[in-house]
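K.L.:
Below, each chain spelled out in residue letters.
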Amino acid sequence: MADAALWLLSLLDSTIRLAAPLVLAALAGLYSERAGVIDIGLEGKMLAAAFAAAATAAVTGSAWLGLLAGIAASCLLAGVHGFACISQKGNQVVSGMAINTIALGLTAVLASAWFAMGGRTPSLEGAARFGEVTLPLAGTLSGVPVLGPIYADLISGHTLLVYVAVAMVPLTAWVVYRTRFGLRLRAVGENPAAVDTAGISVPALRYRAVLVTGVLCGIAGAYLSTAQGAAFQENMTAGKGFLALAALILGKWRPWPTLAACLLFAAADALQTRLQGVPVPGIGEVPVQLIEALPYIVTVVLLAGFVGRAVPPRALGLPYVKDR
Amino acid sequence: MTPSPPPDNPTQAAGAAYAVELVGIDKRFGPVHANKAVTLRFAPGSIHGLVGENGAGKSTLMSILYGFYQADSGEIRVRGEPVRIDGPEDAIRRGIGMVHQHFMLVETFTVLENLLLGAEGGALLKDGVAKARAEVEALERSFGLEVPLDSRVSDLSVGEQQRVEILKALYRGADVLILDEPTAVLSPPEVEQLFQILRRLRAEGRTVVLITHKLKEIMAVTDRVSVLRRGEVVAEFDTAATSEQALADAMVGRKAALAVTKGPANPGPVLLEAAGLSVVDARGVERLKKVGLRVRAGEIVGIAGVAGNGQSELLEALAGMVPVAAGDIRVKEAVFNAASPLDPGKARALGIAHVPEDRLRLALVKPFAALESAILGYHRDPALAKGPLLAWKRVAAKTAALMERFDVRPRDPALRSSLFSGGNQQKLVMAREMDREPDILLVGQPTRGVDIGAIAFIHEQLVALRDRGKAILLVSAELDEIMALSDRILVMCDGVITGDMPAAEADERTIGCLMAGIAQEAA
Amino acid sequence: MAGVAAGTGEEIPGWATALLMPALNVLLALAVSALVILAIGENPVEALRVMLVGALGSGGGIGYTLYYATSLIFTGLAVAIAFHGGLFNIGAEGQAYLGGLGVALVCLSLGGWPWYLALPVTIAAAALFGAAWAAIPGYLQAYRGSHVVITTIMFNFIASALMVYLLVNVLIAPGQMSPETREFDPSLFLPTMQEMLAAIGLEIAGSPLNLSFLLALAACALVWLLVWHTRWGFALRTVGANEDAARYGGIDPKRMIVVTMLLSGALAGLLGINEIQGVQHRLILNFPAGMGFTGIAVALMGRAHPAGIIPAAILFGVLIQGGSELAFEYPTISPDLVVVIQGVVILFAGALEHMFRPAIARMFRPARGRRVEVA
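The listed protein sequences correspond, in order, to chains L, B and H. Yeah, the first sequence ends on 324 if you go by the numbering used here, and it's all consecutive. Yeah, the second sequence ends on 523 if you go by the numbering used here, and it's all consecutive. Yeah, the third sequence ends on 375 if you go by the numbering used here, and it's all consecutive.
Honestly, the hints are just simulated from the structure, not real lab data. Any given hint could turn out to be false.
Below, in silico cross-link-like pairs of lysine-lysine (DSS-like), each with a Cα-Cα straight-line distance of 30 Å or less [as the list claims (entries may be wrong)]:
| no. | chain 1 | residue 1 | chain 2 | residue 2 |
| --- | --- | --- | --- | --- |
| 1 | B | LYS332 | B | LYS393 |
| 2 | L | LYS89 | B | LYS289 |
| 3 | B | LYS216 | B | LYS289 |
| 4 | B | LYS289 | B | LYS346 |
| 5 | B | LYS386 | B | LYS366 |
| 6 | B | LYS262 | B | LYS216 |
| 7 | L | LYS322 | B | LYS366 |
| 8 | H | LYS254 | B | LYS386 |
| 9 | B | LYS332 | B | LYS366 |
| 10 | L | LYS252 | H | LYS254 |
| 11 | L | LYS252 | B | LYS393 |
| 12 | B | LYS289 | B | LYS262 |
| 13 | B | LYS332 | B | LYS290 |
| 14 | B | LYS216 | H | LYS254 |
| 15 | B | LYS332 | B | LYS289 |
| 16 | L | LYS252 | L | LYS322 |
| 17 | B | LYS216 | B | LYS290 |
| 18 | L | LYS252 | L | LYS89 |
| 19 | B | LYS366 | H | LYS254 |
| 20 | B | LYS36 | B | LYS289 |
| 21 | L | LYS89 | H | LYS254 |
| 22 | L | LYS322 | L | LYS89 |
| 23 | B | LYS290 | L | LYS322 |
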């Protein structure tokens, strides 16, 4: 019983750790896509940020400077995406693909050139890494049955960036549904002509959305290399950006359902390592790869419209051309 | 009833400021001269109608006033003061509001959210919401514009959506309200409701500019009316002192009859027949209402009508391009309907050729070489193939021959389709469709965007095809063209055929009335 | 997507579009790489020399270059044919992976057949498996409106998971640790170019370059015939450029979309012939090694035409082979530099393709005054 409880607690704990970057990246995608700009380049922006953060933290010894560098790198790529999609009215998918490819190559090249560790950056220690934050009274309360361990082990003891990710969900919901920026953001993704005739600049609005995407991807990337991990490794995002995109679609471009999808994917990931070689009662051994592929399969099924229907913002992927 | 000269408004008391003045507005889009030194003055507290055929320049003019386009020359004055309007934001600031023909609403938003967009009154929505709700409710009451504020726009009827658009403009403080073809999508009771609203706006001292091509509406609601034709103001009247007839005359104009030499028709058997044909568009609006017609071998049947009254749908339904909601299409002996639909492939196999109204959307593929566009729809013809391959040399030779016969310039089968002028593109399409001696030719706007020289040529070709015993159905927005070419004329208005007469018995006046839907008095 | 393959209204002579734009892309990509190499602290000119010598300076180098080009021709053609139908197939990687599975299954069950008898069967299997993997995204795009870009991305991940499962649990050779199948019967190995040329008395250096290269060239010819010289290709390009015009022309766009994806997947699947039957002689993990993605850059740079795809594939072959030589010579420069170049090419040849168009168009516009585009 106690064993099972501990097992569950540790499963949930890893779920939270694994969900944090997904949540940040998926919310990043939410801003861009709600504004009508497809972003399949979340992966690349995260990867670039992971590298910039780890490299800067390794050199300066400051996780905070690392975070800033990560955000800057991600925003730079977001700016390129914005230029291609908004100013040049280029193909948004191709642009995202280009950004993923550039980030994949450039981080590997720079990492091995600057640190000569075969594509890794040096291991981060101390202030160069985001440490775990112990919430007040965690120690005192840990003796309380049930709630104590939940508070001490599950809620307390994560890095600051996990709490940022958690806070970002209500914050995004608030921004999107309760602020002027959010109203305009949603409008420009549905009907840019309505925004234009209301006397609001469509490009300016979309650029702002794309930059918010850059900032959030930057935090997500920095989390991977300076909080969850302690160094950058080649292609360390390993598809997390696409998983985040899938979560965003599964969450129908809304903050809370997107969070739920991220948690689902993260739980599957956490479960997968724990289920390796362990037979599940009544089912037998579940192939790890099936659990791994599940998020993608679910996304395809949803996109096919067989289970509910994911209706994207109407103007998603369409450059705005003034036209009557 | 002679039209008065346009620029000055004699009924306006001297010294009284106009709400808006457009002075000498000139605008070109490449070779198209959309507005030619247009001068218009709108008096405050009045409803001013703007009528004209499609392409007369009404919408361009109003888009200039709303800042969507900038005039090449001319001046805009608001309450006597010259202003620059570089974008909609400037227009809104000057108190100009516009209700576009295609609503500029976010369908997933509530009405209130749509009203707030761009006029939020602060960084947080809650600051603006309460204020907006109170203000909008006051507006709703004073103008009779009831709309449920918390409903999603997508759940509203078209009439309600239009009221949201009007509210949007009023909430932004519009003093001058432009409505572009506002009744096109409304049912008759909704139209009456709209007019009530417009009258109340006038009573409150606001200025309304109503763009329409429906003369009945002009007569019903406006105080003053300006007629545009080919980018120019050709007449201006006080509504009380004019009639639909006079407006129709001004709108269509008296142009020199086109010189088409054609002998009498020699009609044969009916080749194409429609019975009870209905077409419903994507929005659920019935565009074609139980239309019946017959086209015989050896005759040209012309369909007159103001654009948007169902002619396009009729033509495309007969070509198998749009699905039929009800009714039958009979092509020679074969019958098609909703259960066994016609498609473009079948239509072609039965000897129907189709020159569509919008050649760039349908009939040509812009990046293709002319010779590729020249076989669109006929690419399965075994005569153009060499085993499994297309015989490009033969296609090129064939295209060169077509170009020669139809005088397409430049005579370069390898040139990209998009690089030909509009007239030459049209000749290429006509050549392709007429070359195979189709039994039935459906042709829409055959001379739109075509230079004068090519017009006569295209007309001759159509008459020659008729004389070879083929059936031709012609749709054109140019009444002259219909009059010059047709052996029989049908008139369409609002999805219904309102008139059917031998060309010999038709006169412009009667047709103009039928087009405007004022059949009772005239016919 | 039509914009990728089709031109816009700007008036640029065909040859300029075909030559100048790719040349400009190469220059930009090289400039960006030079900057990267400078940032690393090495000499770009020297690096370029090492790359070129490594890729083209020896028979072996050329062999490797062309071996990489072989795979890239297949995936480049796959992406290109989808472009012509207005589709962006990002799933060539997964389709190639499945194609390899098909080849391996056939080879494992045809042990002892001579390669020339097995080859038609393996080609059919590679194409069939690749096509099958593209079929679902194609169907969903045509009939359910699910965006083919997203579904093909998802299918890449699903393919990867599926292959790991199969290799770890099902196909792994008994008594072996690493997840790979047993080696095929040597009779099934495709002859290397060295062996083939030796048969006619020519001696070249050893390399993985094999018969598949000729197959790739044949595929180019077939695609060229199919897309530009058959009715089907005409219909394909019409759908890609203007779906309404296609309907007007009596073409069913939905059916075309499905068939196009099948063909695209089949072409990607053929990569398995080169890698699995030609070189590895067993099924291994991750053998497509990103060639499916590089195919996107190849297709964009080659302007989706076989005559452009062949040089673009060879160019990337040079970059890959030269890049690994460069990494060998300069431990500071990672072979991933090629990936950067690939990304820059996708950016400039794909997403920013219109950026230089006006400038080039101006260069070609004679002094007859500026013509205003009609709105």
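K.L.:
Each of the hints needs a verdict: does it hold here or not?
P.N.:
A quick look at each hint next to the structure:
Straight-line distance between C-alpha atoms of LYS332 of chain B and LYS393 of chain B comes to about 35 Å, which puts the hinted pair past the 30 Å bound. Proposed proximity of LYS89 of chain L and LYS289 of chain B is contradicted: the alpha carbons are some 41 Å apart, above 30 Å. Restraint check for LYS216 of chain B and LYS289 of chain B: satisfied, since their Cα atoms lie roughly 21 Å apart, inside the 30 Å limit. Simply put, LYS289 of chain B and LYS346 of chain B have alpha-carbon atoms about 24 Å apart, close enough for the 30 Å limit, and the pair holds.
Only pairs whose Cα atoms come within 30 Å are accepted, and LYS386 of chain B paired with LYS366 of chain B is accepted, the gap being roughly 26 Å. Distance hint between LYS262 of chain B and LYS216 of chain B is unfulfilled; the C-alpha atoms sit about 36 Å from each other, more than 30 Å. Restraint check for LYS322 of chain L and LYS366 of chain B: the C-alpha separation of about 21 Å stays at or below 30 Å, so the hint holds. Distance restraint check for LYS254 of chain H and LYS386 of chain B: the Cα-Cα separation of roughly 27 Å lies within the 30 Å cut-off, and the hinted pair is therefore satisfied.
A threshold of 30 Å between alpha carbons decides the hint, and for LYS332 of chain B with LYS366 of chain B the separation of about 34 Å lies outside it, so the pair is violated. Straight-line distance between C-alpha atoms of LYS252 of chain L and LYS254 of chain H comes to about 26 Å, which keeps the hinted pair within the 30 Å bound. Using a Cα cut-off of 30 Å, the hinted pair LYS252 of chain L and LYS393 of chain B is violated, with the two alpha carbons roughly 53 Å apart. For the proposed pair LYS289 of chain B and LYS262 of chain B, the alpha carbon gap of about 33 Å is over 30 Å, so the pair is violated.
With a C-alpha separation of about 20 Å, the suggested pairing of LYS332 of chain B with LYS290 of chain B holds against the 30 Å cut-off. Between the alpha carbons of LYS216 of chain B and LYS254 of chain H the distance comes to roughly 45 Å, so the proposed pair goes past 30 Å and is violated. Straight-line distance between C-alpha atoms of LYS332 of chain B and LYS289 of chain B comes to about 23 Å, which keeps the hinted pair within the 30 Å bound. Note on LYS252 of chain L and LYS322 of chain L: the hinted pairing holds, with a Cα-Cα distance of about 28 Å set against a maximum of 30 Å.
A threshold of 30 Å between alpha carbons decides the hint, and for LYS216 of chain B with LYS290 of chain B the separation of about 24 Å falls inside it, so the pair holds. The hinted pair formed by LYS252 of chain L and LYS89 of chain L meets the criterion: a straight-line CA distance of about 25 Å does not exceed 30 Å. For the hint linking LYS366 of chain B to LYS254 of chain H, the alpha-carbon distance of about 21 Å falls within 30 Å, and the restraint holds. Taken as a hint, the LYS36 of chain B and LYS289 of chain B pair is broken in the structure, with Cα atoms around 38 Å apart against an allowance of 30 Å.
Taking the CA atoms of LYS89 of chain L and LYS254 of chain H, the gap is near 27 Å; set against the 30 Å cutoff, the hint holds. Taking the CA atoms of LYS322 of chain L and LYS89 of chain L, the gap is about 12 Å. The hint holds against a cut of 30 Å. This hinted pair does not check out: LYS290 of chain B and LYS322 of chain L have alpha carbons roughly 37 Å apart, beyond 30 Å.
When the structure is compared with the earlier hints, violations turn up for hints 1, 2, 6, 9, 11, 12, 14, 20 and 23 and for no others.
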